[in-house]
Amino acid sequence: MNDSAALLQIRGLSRRFGGLQAVADLSFDAHAGEILGVIGPNGAGKSTTFNMIAGALAPSAGSIQFDGQSLAGLPTHAFAARGIMRTFQHNKPFPSMTLLENVSVGRHTRIGTTLWQVIGATPSARLAEQRCREHAAEMINFVGLGEWLEADVSTLSFGQGRLLEIARALAGSPRLMLFDEPAAGLSPAECERLIEVIRAIASRKICVLLIEHDMRFLMSLADRVVVLNFGRRIAEGTPDQIRADPAVVEAYLGDLGALTRA
Amino acid sequence: MKSLAGYLVAAIVLSVLAFVLGAYQTDVYRKLLLWITLALGYNFLFGVSGQVAFSHFTFYGIGAYSIVILTTQLQWALPLAVVAAVLICVVAALVVAIPATRLDGFYLALATLAFAQLFVVVLNEGGSLTGGTGGLANYRIPDIAGIRITGPWYTVVIVLLMLGTLGVLWRLDRSYFGRACRAVRDNPEAAAAMGIDPRRTRVIAYVITSALAGLAGIVYAFVDNTVNPVIFGLENAFLLLFMVIIGGSGSHAGAVIGAVLLYLMPFVLSPLIGHHHALVFGLVMVLAVLFQPRGLIGLWEALKSRSQAPLRGHPR
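So the protein lines, in turn, are chains A and B. Residues 1 to 262 in the working numbering are what the first sequence spells out, letter by letter. Residues 1001 to 1316 in the working numbering are what the second sequence spells out, letter by letter.
Everything labelled a hint here was simulated from the structure, so no lab data went into it. Hints are supplied without guarantee of correctness; some may be wrong.
[Said to hold, decoys possible] Ranges of calculated distance between the beta carbons of each label pair, as one might list FRET restraints:
(1) B/Arg-1200 / A/Gly-33: 50 to 58 Å
(2) B/Leu-1103 / A/Pro-95: 22 to 30 Å
(3) B/Arg-1200 / A/Ser-124: 21 to 29 Å
(4) A/Pro-95 / B/Arg-1200: 18 to 26 Å
As the structure is a computational prediction, the values presented were derived from the model and not from experiment. Ideal Cβ placement from N, Cα and C applies to all residues, glycine included.
Let the sequences and hints guide you as you build the complete structure.
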């Protein structure tokens, strides 16, 4: 894969918080259909990196190019329309809505009717609304929650809530899906299910970027891994290359067991 | 087109009622319809969009005063004056909303409260333009093409206003916009990640509901044929809030129930217990907030789902 084909190009990305350099001069690419994992010990700058790519945090320096266009200066809510959707580490469903409504919200930027058309109840507005519901239902089926379309989100377990997050993000027809520690808080069985779902997403030619703490989970899933430590990239490669990388072993020395088990 | 038929039937039934009521009942009926209209709009602003604003009744007043000033002092034709009065409400709503929707919860409430108070001050100090403390009176609805809409036909206008407001809000609520409003209310951060601009959504919801309140005010101006500062004071702004809370905020049906109940309560209770009806009102309010925060419509839904519980699918 050459650089010009990369969907996401990150160059010299940096972020300072006062005196703390959370992320420094970070560069990497991600491609359509690829599962890219970003790992690192606590405080390595994973979440800061994630938030910058998701548009929740402005970089201090460097550039993020998506599909050849810079994302600099765009507000958070402009990222979804560009095709970048995310999940939250701590599930953030809309509690007053059913599953179907939650996922329909994820389709917000793809509806394409004006408020005047809505007020006038024009055929195109009705059709768009119907299509939105159908698409949302399809996404809920895709993650395996199809039985509970009209249920309240409060009735879901934590693991099911995570799947709902994914369905909601998928409803926006993303080209880049960002997962913020998707395995956090899940049982081993739920992790297995999550791996299946993420692989299925990548097979739809969607670029998947995961920030993850759980090495075993990430190593079994990612096509390529970027390792951060103290805000800098210390390694990049396939899971096998990463396991054998001396710099990574050193960074994880305190947690060597986790690396060998993974 | 089923919904259109529903609106048509409702319009006919509610209009026929206008022709059989006596003068006193007509007055009560008209004001009830206006309260329902206001409660529907405020429900969307407060219940659906989650904005704790106290300016809704103020826009009712801006609409009413604008139409009177435009038709009497400037002698504008009625249709033109109606359009202009709605535009005045839209502009005023934008002026308030653009800075105020930066504020959350408590501070939005304070800012809109200040705006509501300012409006009353302006009315009192407005000289001959607003008629000062006495307000404006001794005017009547201008003719349109030689025809003057009065009596039961004017009640029909109010029926259409109420149903039109319901129709607009219903459609907005069931659309991506309604979902966006609820999403921003529930979790602005998650809503932004879904591509929703939280501020823009709040501003649009505020302007639409304020314009609808202004339109209701325009219609109200020719109900009593007098407008004065006392009507548009804070007391009614709070009554509107209580209507939506007691009925069940976020629900159109709840807003209608709340408006009907609280508007008619004094008429029923006054003959029985006199001025103590305010005490009953306060008690009902406290009980509702303590025991049924989702209002009467929440109570109804809880009862309904209890009877249907075995039929509903629940994960795990």
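For this session: Output the numbers, in ascending order, of every earlier hint that fails for this structure.
Result: 1
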